[in-house]
Structure formats: C-alpha cells, structure tokens
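Visitor: Read off the chains here:
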Amino acid sequence: MTEALAPSLSSSSPSSPSSPPPAVRRSARTGSGGLRGALAAEWTKLVSLHSTWYLLLGAAALTGTVASAAGVLTHDPAASPADPAAIAELNGVGLVLAALAMLSVTGEYATGSARTAFLCVPRRGRLLAAKYLLLGAVTFAAGLACAVLGAVCGALTLEESTFDAGAVCGRLLAVAAHAALLSVLTVGLAAVVRRSAGTVTALFGLLFLLPVGLDVLPGGETAVDLLPAGASEALVLGDNGTYGWAAALLVLTGWSLASVAAGTWVVRRRDV
Amino acid sequence: MLTLRGLTKRYGGKTVVDDLTLEVAPGKVTGFLGPNGAGKSTTMRMAVGLDRPTSGTALVRGTPYAELAHPLRVAGALLDARAAHPRRTAHQHLLAMARSNGIPTRRVPEVLGAVGLSDVAGRRAGSFSLGMAQRLGIAAALLGDPEVLLLDEPVNGLDPDGVLWVRTFLRSLAAEGRTVFLSSHLMSEMQLTADRLVVIGRGRLLADGPVTDVVAAGTRRSVRVRGPRNGGLAVLADRLVREGTEVARPAPDELSVTGVPLERVGDLAHEEHVHLYELRAEEASLEEAYMRLTSRSVEYGQAPRTGAEAGV
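Taken in sequence, the protein lines are chains R and W.
The opening residue of the first sequence carries number 1338 in my numbering; numbering runs sequentially from there.
The opening residue of the second sequence carries number 363 in my numbering; numbering runs sequentially from there.
Since the hints were derived computationally from the structure, they do not count as laboratory data.
Heads up, the beta-carbon is just placed ideally off N, CA and C, and yes, glycines get one too.
Careful, some of the hints might be misleading.
Said to hold, decoys possible - Here are some chain R residues the structure puts well away from chain W; computed CB gaps all over 10 Å:
1. 1394
2. 1486
3. 1541
4. 1590
What the hints assert, rightly or not - Here are a few chain W residues that face chain R, going by a calculated C-beta distance under 10 Å:
5. 458
6. 462
7. 464
Using the sequences provided together with the hints, build the complete structure.
Guide: Have a look at this one:
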C-alpha cells in the first residue's frame, strides 16, 4: 500500500520539473463552482442512490394502480382522463415524490455525509438553493410523467368521459406543479427537522392532522381551505369549493416559500 | 496558511474553544494536540465553516473558508472517517465532490490511486473497513489538490501499516509546500510526524512551537545513575541532596537525579569515590511534556489521588 501513493505524489510534486503541473491549478480559472457546481453535485448524488430509482418506480406503479382504480370506479360522462391522474397524485404519488425530496436532506444528516456536502458548498444558502431547485425540477418532471401515465390509465379505464385536450394538458401541468411544490415544501421542512421520522411526522401533521384540528374550531373551515391540503386539492382537481386552481397555485407556492425560508434561516444559523 | 484569530466557541455557558490565536505555516506538519474534549475537533470544524465561532475568525489563505469560490481547491479536510454516504460508491462520492467545485473528474481515479483504493472504487463506502474509510477521507481531502490540509485524527483505526503510510504521506505533502494541520491525541505519533506542535487544553493554547522546544520546555531533564547494590550510592545521594538537587531511588541500585547536569553527577561520584555502572541522561519525552502541560486541563481525567486517599 505504501508504494501505491508514490506515483501520484511525485507527479504533483513541484520539485520534479519534468512532471506536468498539478491538474487542478491549471484549470482553476475555467472550472465552475458556485450554484452550478452545487447543482451538478446534487444531481450526481441523487442519481447515484438506488433509493431514488426505487421511489420513482414506486411513484409510477402507484400512479398506474390508483388511476386505474379511480377510472374503473368513476361513472360520470363529464369526467376527464386527467381526473384519475389527479386522484393518484393526491392519494400517495405526491407523497412518494416528496419522500424522494426529503431523503436528499435527511439522508445526508443521517449518514454524516451532510458534513461533506457543506465542506464542498460551505455557503449554506447556496447548498439549500441547489437542493430546492434540483428537487423541484426533478419532482416536476417525475410528476408530469406520472400525470401522463395516470391520464393514459384513466382514458383506458373510464367507461365514459369528455376529452378536452387543452383542459387535460392544463390539469396534468397542475399535477406536476403540485408534486414540485409539495417536494420543495418537504425539503424546507427536512432542513429544519434533519431527521426522516421527524420530517414525515411534521408533514403528516401539516397535511392531515392540522385540517382536522382546525375544522372543529369556530370559523376554522375557511382556514382549512388555505392549508396545504386544501390548496393541493384545488390545484389538481381545479377547485376546492372556495377557490380555483390559480389561487391554489399561489397559496401552495406561499407555503413552499415559507418552508424554504424557514429551512434556509435555520440551516444558516445552526452548526452542521 | 491557516490563521486563527481569537477563535472562541461557547455552547450555552461552556467555553469549548477559548480565544485561540495561531498561525499554521506552509511546508510543515503542524500537530494539534490536546486531551479529549480540549476543543481540537471544534477548532477544525470552525476553520472550515461547519461550526460558527462565537467570536473570532478562521482564515484559510487569508479568506474565511465559506467565502472561497472553490473551497476544495484551497483546503481539504478529513474530519470524520464516515463522511461518505454508505450507499454511494467511493467513486460516486468523490465524483459529486469534484463536480461541486469544478474539479476535473479525472482527479477522482487519481486520488483513489494515491490512497490505494483503485481496486474498490466501485464498492459502496458503507462496506469499507475503518481503515479504508480513512483512506477515502484522505482521498476526498486531496481531491482539489489543496494547499491546506486539515486532518482530525487521521490514524484512528488504522493498523500499524496504515499508520506508517499516513505518516509518510503527510510528510511528503508538507515537503511539497502544503500546510498540514493534523490533530491527534497520540503523542508518539506526533513526535514522529510533526515539525511543530500546538497544544491546547480546555480550549486554551498551552504551547506552540517546534516539537523539540515544546518537549524541552515541558520536561525536566533527569540523570539515571546505576551502581553496585551495596556500593556508595547512598553517599552520592546524600552529597547530591546537599548540593540542592532532587534525588529519588527507584531501585536499590539506582538513583534518579533531577536538576543537575550529567557531568556534575559524574564529578561528584568521582569526588566521593563512588563506583558506578551506568550514568545516563534520560531522554525527555513528549509524553512527559504533554502530561505536564495538560495536567490542569484534562477534561475527563481522574482526579489526582492525595496521599490520604491512597492510604499512605
């Protein structure tokens, strides 16, 4: 083992004039770091974990199952093929993609590789920005793919339906936007909590327990509609009884931005 | 070049690093020594921006680590053997690091070769032994060909072969003009590896200088005298005590003399006609210097036993 290091050392030693100058110094001017580097590193880390591919496969399988079941069970001539896709997104697919996003943060804290991540990108806000952007983009793409798959399953299983290409495309994009916004919200939450179990608990509390708790309070019903769960429903189904998809997009974006801000604020102040 | 200026870290009311000011020079291996809990790791973590100092600054080549455009190309750190995601391969781990700092990806096989991990580049980091994980950590620190290297206990968990390898490796890195800052609680290792020593205890700087100076300042030279069991050793001891030196008799045929040069002991023995078998200056050891320096600052040490407690 001792001799294994000798060649590389001598090759980077300034005392041997015949050897080429160290590779890195030579290219220091051209190489990119910064946000681009951080994004490239996050992408490399994401695709090199098997869990990423398992979760994407899981999201696709869940979409096929739930959308087909929803298609079979729907008997409405006005139904759109996008409906089963939206139902699948609300009933698990969105959460599977959010889990993928969560692991990019909690997986690093759990294994100690978070220290490596912050050594590579010591600007805390930049590292988190790379995670928000990359996971947002990846879950948007995956959400869109699942939405298309769900719509195909819906078209095949719906007994009767009304097809309007523009409306279907709009709904599929809304499903993808929902996947991305929910995932970004989860990344922010994960940055605050750091642990998978705690993040899942917080997310379930926010999505499922808080609406139930608020509902029993006087005047709580309107507030419930403004929670992430209510906004999610309005976004992917087009309406939640109080407001439509455009307002829902704003409300859910607001929740995601709040989570992004909280995650960034905490990580900037805390020791890694 | 690594510069710490008044670096201080408090957790609640507890001061872990206390107003630490030092300069770690290039071209040398600087050993960073202290008992467990002395603040070595916290200092290293502050130097690379993982922990926020309560006050003071840590500068790498004149700039805070977090403000470097390509930090891995300026400073490499091994802070923890388990720094890679266990389900990523060694190659993937280094590839992500390289991309984050715009380091050419061909550096990845280069550094893996340099630490002798080429054959296991495709194996998951989680399957590595502690020694292999340490090597991977060193490869990661070298990835950007940095001028400054910070290594926290790099020989922990290595077999003797690996320890020798790290020692040789670090010495050669310093010989190339790099700044090597190495923490350890193994003094023998430091005596062999370091050119300069920084000793801290309870977060405070206790000593900072060339290894030989730190050892000399922290130890009292003593002289070992051996002679016939029933010879004149007692006479010599009496004479030395009258001269005002400190004499101990660890064995019937041995004296340990402190505070007087070897030559003087020889002269006195000659004057008193004492027969000697051996007259030898005891080697000053870093262990002894270190124990003396840190005796008041051992965090989790045993309280010194008093005579009464010991039942004397």
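Visitor: Given residue 464 of chain W was flagged as interface, is its beta-carbon under 10 Å from a beta-carbon of chain R?
Guide: At 3 Å from the nearest chain R Cβ, residue 464 of chain W passes the 10 Å test, so the hint holds.
Visitor: Can you verify the interface hint for residue 462 of chain W: is its Cβ closer than 10 Å to any Cβ in chain R?
Guide: Holds: closest Cβ of chain R sits about 4 Å from residue 462 of chain W, inside 10 Å.
Visitor: Hey, is residue 1486 of chain R genuinely clear of chain W, shortest beta carbon separation above 10 Å?
Guide: 27 Å, holds
Visitor: Checking the smallest CB distance to chain W, is residue 1590 of chain R really beyond 10 Å?
Guide: Its Cβ never comes within 10 Å of chain W, the nearest being 28 Å, so this holds.
Visitor: Closest CB-CB distance from residue 1394 of chain R to chain W, is it above 10 Å?
Guide: 17 Å, holds
Visitor: Regarding the hint that residue 458 of chain W lies at the interface with chain R, is the smallest CB-CB distance below 10 Å?
Guide: Holds, about 4 Å.
Visitor: Should the label of residue 1541 of chain R as a non-interface residue stand, given a Cβ cut-off of 10 Å to chain W?
Guide: The claim stands: residue 1541 of chain R keeps its Cβ more than 10 Å from every Cβ of chain W (closest is about 25 Å).
Consistency with the previously given hints is maintained throughout, with no hint failing.
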